[in-house]
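Chains as they are written, first to last, in our numbering: chain A, 1 to 495; chain B, 1 to 97.
Keep in mind that the hints were calculated from the coordinates and are not lab data. Do not rely on the hints blindly, as some may be mistaken.
Said to hold, decoys possible - Here are the computed lysine-lysine pairs in the BS3-like style, where the Cα-Cα straight-line distance is at most 30 Å:
| hint | chain 1 | residue 1 | chain 2 | residue 2 |
| --- | --- | --- | --- | --- |
| 1 | B | 8 | A | 412 |
| 2 | A | 97 | A | 110 |
| 3 | A | 85 | B | 8 |
Chain by chain, the residues run as shown.
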Amino acid sequence: MTLNQLTAHEVIDLIRKKKVSTYEVIQDIYNQIDKVDNFIKAFLILNREEALKQAKEIDIKVKNEEELPPLAGVAVAIKDIITTKGLETTCGSKILKGFIPPYNATVINKLKEAGAIIIGKTNMDEFAMGSSTENSAFGPTCNPWNLKRVPGGSSGGSAAAVAADEAFIALGTDTGGSVRQPASFCGMVGLKPTYGRVSRYGLVAYASSLDQIGTITKDVTDCALTMKVISGHDHKDSTSAILEVPDYLKSCQERIEGLKIGVPKEYFIAGLDLEVKDAIDKALKLFERLGAKIEEVSLPHTEYSLATYYLIATAEASSNLARYDGVQYGYRTENYEDLSSMYKRTRSEGFGNEVKRRIMLGTYALSSGYYDAYYLKAQKVRTLIKEDFDKAFRKYDILVTPTSPTPAFKLKEKVADPLTMYLSDIYTIPINLAGIPAISLNCEYNKNNLPLGLQIIGKPFDEETILRAAYNFEQNSEVERKKPEICSAKCKEVA
Amino acid sequence: MTEKIITKKEVEYVAQLANLKFNEEEKEEFTSQLNSILDYFKKLNEINTENTPPTAYIISMPNLLNEDKVKPSLTQEEVLFNAKHVKKGYFQVPKII
Numbered sequence: 001m002t003l004n005q006l007t008a009h010e011v012i013d014l015i016r017k018k019k020v021s022t023y024e025v026i027q028d029i030y031n032q033i034d035k036v037d038n039f040i041k042a043f044l045i046l047n048r049e050e051a052l053k054q055a056k057e058i059d060i061k062v063k064n065e066e067e068l069p070p071l072a073g074v075a076v077a078i079k080d081i082i083t084t085k086g087l088e089t090t091c092g093s094k095i096l097k098g099f100i101p102p103y104n105a106t107v108i109n110k111l112k113e114a115g116a117i118i119i120g121k122t123n124m125d126e127f128a129m130g131s132s133t134e135n136s137a138f139g140p141t142c143n144p145w146n147l148k149r150v151p152g153g154s155s156g157g158s159a160a161a162v163a164a165d166e167a168f169i170a171l172g173t174d175t176g177g178s179v180r181q182p183a184s185f186c187g188m189v190g191l192k193p194t195y196g197r198v199s200r201y202g203l204v205a206y207a208s209s210l211d212q213i214g215t216i217t218k219d220v221t222d223c224a225l226t227m228k229v230i231s232g233h234d235h236k237d238s239t240s241a242i243l244e245v246p247d248y249l250k251s252c253q254e255r256i257e258g259l260k261i262g263v264p265k266e267y268f269i270a271g272l273d274l275e276v277k278d279a280i281d282k283a284l285k286l287f288e289r290l291g292a293k294i295e296e297v298s299l300p301h302t303e304y305s306l307a308t309y310y311l312i313a314t315a316e317a318s319s320n321l322a323r324y325d326g327v328q329y330g331y332r333t334e335n336y337e338d339l340s341s342m343y344k345r346t347r348s349e350g351f352g353n354e355v356k357r358r359i360m361l362g363t364y365a366l367s368s369g370y371y372d373a374y375y376l377k378a379q380k381v382r383t384l385i386k387e388d389f390d391k392a393f394r395k396y397d398i399l400v401t402p403t404s405p406t407p408a409f410k411l412k413e414k415v416a417d418p419l420t421m422y423l424s425d426i427y428t429i430p431i432n433l434a435g436i437p438a439i440s441l442n443c444e445y446n447k448n449n450l451p452l453g454l455q456i457i458g459k460p461f462d463e464e465t466i467l468r469a470a471y472n473f474e475q476n477s478e479v480e481r482k483k484p485e486i487c488s489a490k491c492k493e494v495a
Numbered sequence: 001m002t003e004k005i006i007t008k009k010e011v012e013y014v015a016q017l018a019n020l021k022f023n024e025e026e027k028e029e030f031t032s033q034l035n036s037i038l039d040y041f042k043k044l045n046e047i048n049t050e051n052t053p054p055t056a057y058i059i060s061m062p063n064l065l066n067e068d069k070v071k072p073s074l075t076q077e078e079v080l081f082n083a084k085h086v087k088k089g090y091f092q093v094p095k096i097i
């Protein structure tokens with residue numbers, strides 16, 4: 001057993017009791033990265049020197065009996081779309097290769113103030129556009145549970161890093177499921193907070209009305225701990241909510257007797273893997289045993305979510321990504337005659353195919369003559385989708401669904417057909433459109449030993465109740481918590 | 001698929017708007033892929049939204065304004081650090097006129 005295999009709260013406890021040093025913890029983390037990341041490829045860049053230096057600083061604080069901040073000594077991996085001062089941030093794109101941000105995202109400052117140690121930046125689908133991490137300009141990440149399968153996406157590097165014990169906690173971002181779906185594929189806990197709960201300052205924009213930073217952790221306790229640290233209003237993000245941040249750790253431990261759970265019938269349709277369906281049924285039975293009341297509910301506009309999402313997200317993306325023009329930062333083509341050809345060549349050489357496809361779709365949807373038919377129409381349907389949830393939450397405290405219709409799929413399986421790839425986010429997308437919080441946690445392993453995710457959806461700014469439901473599930477579930485084989489076996493055997 | 005929603009010519013026009021450049025093969029591929037995606041989007045026409053207001057931002061919040069106060073910001077050196085072409089403290093672009 002090495003220290004990197006523990007959860008964040010276990011490590012925090014050991015450091016405080018002076019049973020281990022932070023330096024040992026961080027060393028174990030990098031030893032694991034050295035051992036397995038050649039196969040998993042979760043990280044794009046490491047922050048080794050700086051991280052070990054910070055570890056020593058925390059050890060001095062421990063020695064001097066100074067008060068320790070809440071995440072002191074915890075190794076955190078950051079999705080490479082969140083800016084880190086002085087540490088390259090590429091968004092998984094050739095167009096930002098070599099970009100060294102001059103400032104930290106607000107969440108990075110908050111993590112640092114809380115004593116967390118940034119160990120590196122994780123791989124992702126380019127600009128968070130994808131569901132498998134195969135759209136990274138720097139090559140795909142593999143799923144630690146089965147190296148021939150995808151880790152999910154777009155925060156695939158973050159989920160894989162935590163699953164393979166290469167980090168205790170990771171930050172991801174979730175625009176249509178990019179935290180929850182990879183967390184589910186890798187058997188981890190992934191939370192997408194309410195839109196506005198966590199500051200987006202320093203998060204490179206994909207679709208601004210949907211983007212939200214979220215956490216990937218090994219258990220619900222770590223999720224609650226991290227959420228307490230990163231949440232809250234930030235004057236640098238005018239869409240961040242001015243609301244008190246609750247003590248998630250305390251409230252999640254309360255019981256769920258009497259909790260009213262709605263199960264949306266539209267989520268149990270053709271295309272849902274049978275083993276996933278059985279796992280969710282079993283989970284619902286556990287909730288029932290714990291005293292929750294379960295009923296079927298209808299969210300009638302669910303089937304329109306995917307089209308609505310892809311219109312809104314691509315329209316916003318086409319506008320947000322106009323800034324990559326080869327002037328202020330990032331890639332510039334070598335080969336141009338004038339300003340216009342410099343822009344066009346830079347963007348065409350710098351962006352990958354999926355990003356170009358979405359810019360094209362979004363530009364088309366916003367173009368003169370099509371705006372009403374596509375973008376405005378999608379915004380109206382968004383209202384209806386949100387109203388479905390509003391209605392459901394008048395009667396229920398939480399909704400429970402699968403996180404994804406299937407377990408992790410094979411690498412290259414869906415690359416050729418964008419629409420099939422989009423469908424793997426069908427259960428997570430409506431939540432972003434409604435702006436509400438949702439958590440994914442493992443509820444079963446299928447016969448091939450692949451994790452299956454359960455999604456718990458909550459009311460706006462009520463992360464407390466979904467964390468409470470998740471915590472109660474985790475504590476009472478009979479599903480044993482496994483580690484991927486790559487964490488114990490020698491790498492040669494696995495590869 | 002029955003009829004084309006977006007033609008190759010329109011793909012060329014949209015590429016122009018988006019400052020992107022494609023070769024012939026890419027244009028064909030994008031035309032076909034965008035057509036199947038747009039065909040899927042037609043689904044939204046099944047719903048009557050005549051009396052439904054659009055939603056731009058999901059959580060209604062008051063407009064927040066920062067105080068109009070001068071605060072320290074990035075230095076010129078920091079701002080220019082990531083640019084590939086810099087001249088005399090400016091970003092440099094190809095000659096325009």
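A quick look at each hint next to the structure:
no., hint, result
1, B/8 x A/412, "holds, 27 Å"
2, A/97 x A/110, "holds, 26 Å"
3, A/85 x B/8, "violated, 43 Å"
Taken one by one, the earlier hints fail for this structure only at number 3.
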